Every structure is written in C-alpha cells, then in structure tokens.
Amino acid sequence: MLCDTASGVTPLITMTLELNQVAPQVKALGQSLTGQAHLRSEAKIKMQALLRDYSTAFTELHERVVRAEKVQQQQRFDWVGAAPTNEALAESYPLPPRPERATVIASDGSQILPDPHAIALYYLINVGSIVYRHGSNLKPETYNPKPNLYYDPADLMDEQGRLISLGEVNVKRDMAEIEVLTELAPRYTEANEPVIALMDGQFILRVIDLPFQQQQEYQQLYLSQLDLLRDSGALVAAYIDRPRSTFVVALMLLASLELAAINENSLRSNEFRHLTDLDLFDFLGPGERSAIFSLKAKGLDRYSHAGHGVHFFFLNVSARPNRLNLARVEIPAWMVANPRWVEALHATLVRQARLTGGYPYVLARAHELAIISNEERQAVEMMLALEMRRYGLDPAPSAKQFNKNLLTEREGFAVKIRN
Amino acid sequence: MTIQFPIGWVLRASTVGFAVGCRILQPNTPHFGDLVKVPGQPNGIDVFGLIYNVEVRDDPAVRQLILVGEMEPEAVLDQRENRLVPIELSVLAVGYQQGKTMIQGLPPQPPLSLDTLTVSEELEVVRFTENLDYLRLVLNSAQIPSDELLVANLRRATLARSPDQQYPFLLRAGRELARLLNTDLTRLEAILHRLKTVISQ
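Sequence lines, in order, name chains A and B. Using the numbering used here, the letters of the first sequence map in sequence onto residues 20 to 438. Using the numbering used here, the letters of the second sequence map in sequence onto residues -6 to 194.
Read the hints as simulated data drawn from the structure, not as lab findings. Note that the structure is predicted; figures quoted are calculated from it, not measured. Some hints here could point you the wrong way.
[Stated by the list, open to error] Some chain B residues close to chain A (C-beta under 7 Å, calculated; not the full set):
1) E63
2) P66
3) A68
4) L70
5) E74
[What the hints assert, rightly or not] Mimicking SDA-like on lysine to any residue, the simulated pairs with C-alpha atoms at most 25 Å apart in a straight line are:
6) A:K158 <-> B:A68
7) A:K158 <-> B:G62
8) A:K158 <-> B:G14
9) A:K158 <-> B:I80
10) A:K158 <-> B:E81
11) A:K158 <-> B:P(-1)
12) A:K158 <-> B:Q57
Where a beta carbon is used, it is the ideal one built from N, C-alpha and C, also for glycine.
Taking the hints into account, I'd like the entire structure generated from these sequences.
This is the structure in structure tokens:
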C-alpha cells in the first residue's frame, strides 16, 4: 500500500504484475497479429478459391475424406474435418421466413468444483433453463431443477481413491443440462409449432478426460437422452459462438492435395494452419447460413449409428451488412433430412440472436439462471461450516487456502467456477 | 385500496428513512406519496414512511436489449417478471406505532435490512393522517421533493376518506400548512394551488 486509508485518501492497490516489463511484449504481440493477418489474408484467398472450385465436387471430396480417414486408422493420426452433404459448399443460404410461432428451450449449467483446500470435499452442480415461446405474448417460463450437492465418498473418489477429475464433473454437468431439455421438451411439442431444444457448446458429450469404461457409459447415457429428445418431436441444435474450429479448412486442405498425396505428412504440414473456418465463411451476408457439412472424427461413429451423426453449418446472425457475427450450429443427421426443420431452426436462431445483438437470448438467460456467484458459493460454505460445527467438526480450510484468503480478501475470492 | 402483502424488502436504513428493493409489476406497485409501513420490528415498533422516490435501477442486460432495439413482448415480460428488474423505493420515515399508540416523528430505531414493506390500507392512512404533525417533518426534509411529496400524500389521504370527510380534511390540512409556512407565502400558495385540483376531481 502506498498511502493509508485513515487520511481518507483512496488507497492505491498493490500491483504484483510489472506492467513496464509486459508493455514491450504487448507491442510485439501487436506486430505479430499484424503479420498473421497478412499471412491469413493470402491463405484465405487461396482457400476460398478452392471452396468455389470444389463447391459441387462432392465425389472427389468424399474420396479424399475416405482416404484421410484411412490414414487416420493406419497411422494412429487423428484426422478431424468436414465432409460435404448435398449442398453447394460456396453457396450462401438466405434467411428463410420465420415461423409465426416457435418455442425455444435452452439449458445451461455451472458448478462449484471440488477443492482439496476447502473446508470439506464436495462439489455442486446447478442447472438453469428457460422456455421462450415466440409469438405467444406469454412470459417465458424459467425452470431451475434442484441443485445437486455431491459429498458421498463414492461420488468424490474413484476406486483407487483419487479425487474425481474436473473432466468428470463437467460431464455430469453436461448430462444434467441435457436431462432438463429432455424433461421439458415433451411438454411443448404437442402444439403445432417448431420446438427447438438448444444446447450451449458442442452437440457431442466431451468425455475425453475420462477412463475408457466411463466414456462408454456416459456416451450411452447421453445418446439415450438424444433419442428421447428426437422421440419427443423437438428439434435439437447446439450453438457455438465464435468457434475456432478448422473442420472445413481441413476439408479444403484435402481438396488442395492429389488423392495419392494424402498421407500423414501432407496432413500434418498444413499450409492453411493460420486459418479457421470463420475466415472461410466471411462472405455470408446478414442472416445467411453456409452449406451443411457432416463432421468426421474418430469416435463419432457411435452418434452416426444412433442416427445422431453430427452435422453443422455456419450462421451469420448479424443484422448489419458491414458486421459479421458467425456461429457454428451443430445438428443431428435426422434433422438434416428435413429441410423444413433446418429452415425453422435457421430463422428462429437468427431471431433469437438478434434480440440481444448477436447471441441467442435463451442461452444468455439460461446462463444467468445457472451461474453460481461468489456470494452464493460463500453462502454454501457458510452453511456447510455451521453444519460441521453442529456435529463437532472443525470447518478449517487448508493453511494454503487460509493464507490465500487473507491476501485476496480485499479484492474478493478468486473462485474456480466455470461460467 | 387494500394491499396487505409485502411489496419489497429493506435494503438499507437509517432513522430518517430507508431504501426498499422491490420487483416491478407486483399488482399495484406503490406510488410516489404512498404511506407505507415496515411492520413487526423486534422492538415491537411499526415504522411508517412516505415514498419520495421510485427509481428503476440500471441493468446492463436491459440496456443491451434497448440498444439493439429488436424487442419482443415475450422478452419484455421475461425481463420484467422473471429477471426482477430492480426497482428501488426511497422512503422518508414520518412516524411509528408502538402498541396501539401512533406517534408522528422519527422512529427510535430504523428497520432492519430484509424487513418487508407493505402499503398502508385506507383505514390506516385515515388513522395516521388524523394527526398532521408529520407535515412539518416533510416540509423540513432537505434533498427530497417535499412540496410534491406533500401534495401527492395529501391527495391520497383525502381520497382514502368518505366523500363527506374529504373537504373538511383538506381544509384542516390547508390550515396546518398555512400555520407552518406563514413566513413563506409563495411556497404556501404553490402547494395550496396544487391541492385545489384534488377538490376539483
């Protein structure tokens, strides 16, 4: 502290980051970004030309994708990319007329992660959801299922006594999110209007951090939930804002190679590595979507066999011609088969995103309903401490946490919660 | 009009007044000038006050929706009824009730945070305004629109009475104001002029 508070002078906050040493690096970062922009611009011109050249060359592209998948199988090399469907790749698909009435259901989750330094080992999952009925003049319905507090050793430890991984907590949260959609969707699908169950983030369940057996179990559970959603009559989609994916870039890399030249080396030395799919689709006008692609990656067969093969398109939700606001929208194969469903989804997502100026209203609200604030976390810990004292237990954090709390008290706790 | 359910919760308080948070679109959200009560204090005191400010607090999400301008009725309902658009009422303490005795003046202790606020029903308004000692307290309060507050409050107190009692009450209130403001005739005239409209209604 550089001055005292008793004098009434606003205290200066002690700064630990030496900004004078960061400043030159920030300058270098700026220069690097400029250089990257130049490289990207050149690569983008090449790649968009390829997209136009191969816009309807579905057979050639499929042959290359099959070849890349074979390389993957033979070389233990994970090729992830897009494959064309039957839509011209370089086309823009205009904003369809919006359905007069449509229902959108969204859910989102957040959690307090288990912390070995906290007063007790536990974790908590909270889910928020909202049902928004366009054209109804009705108040959207919000729904918060009971938050789940996990404290049983069986929930916290694996068979070897290791603390549950953050990955598994995330999977449990994702499962809780889809379960809410599955619970709510059938209540609204009887009306003669599209009902969209909208997820935040990827369509697939990310289980990569889990042991193999658990991966299988959770994927099976997740697919059963997807089956239920499909059977309910709801349309299902996942919305990824500002995606960093390179699926179509990977496909264009294949297009740039001769079929025989597709091997591990050529796939690894990617001259388009500066690009993402967003660069490729900057020609989309307000409200327009790209062609629909199918996603090819190791481990997605399970989804395809269940009829939920992952497909996606890019969508410019912006209302202004001079401003691009691209999202990736993932949908299952059974939705691609029905163009009316795709149109209803396309129009409704744009309508949702334009409410807030760029992001679906329901996802923003579901996030708000789910989020666990610092104050709420502290309230949970307070309740926990009282309960522990009641049973003669000592609710003490670790010495490390205690000292951290002392140091950070002034500026609030740094809480490890996912937003 | 009788409103007995809580319409808000005390956010912060002092003996001279308190701020109350409430949600919009409660049936009959209270008005400027209403007599309100924070009942059931631990010390057995009900605190009375007059609402002198109703403020819709800023909300970044609402601001964003306004800026974008693509408003839909469903989103408006969501913001107003589900998101609890924060409304803050400022209340000037003007009296309290201890047991059956109603006293006009500042309460000995302020309400506590999270105490509930109710709007006084008509009988209570009539009972409280039988005594007009609180007029001096309102007139002397700085940094509030005291003249406007008095006019709004006396209008409500008049309408809470039966028709045959309305004119006598206004006459009595006017005389009390004339006594209190005998050194500031311009101010008195402005208030009385505003009160005349109550009679004409």
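Each hint, compared with the structure:
no. : hint               : result
1   : E63                : holds (5 Å)
2   : P66                : holds (5 Å)
3   : A68                : holds (6 Å)
4   : L70                : holds (4 Å)
5   : E74                : holds (5 Å)
6   : A:K158 <-> B:A68   : holds (8 Å)
7   : A:K158 <-> B:G62   : holds (19 Å)
8   : A:K158 <-> B:G14   : holds (22 Å)
9   : A:K158 <-> B:I80   : holds (19 Å)
10  : A:K158 <-> B:E81   : holds (23 Å)
11  : A:K158 <-> B:P(-1) : holds (23 Å)
12  : A:K158 <-> B:Q57   : holds (19 Å)
Of the hints listed earlier, there is not a single one the structure fails to meet.
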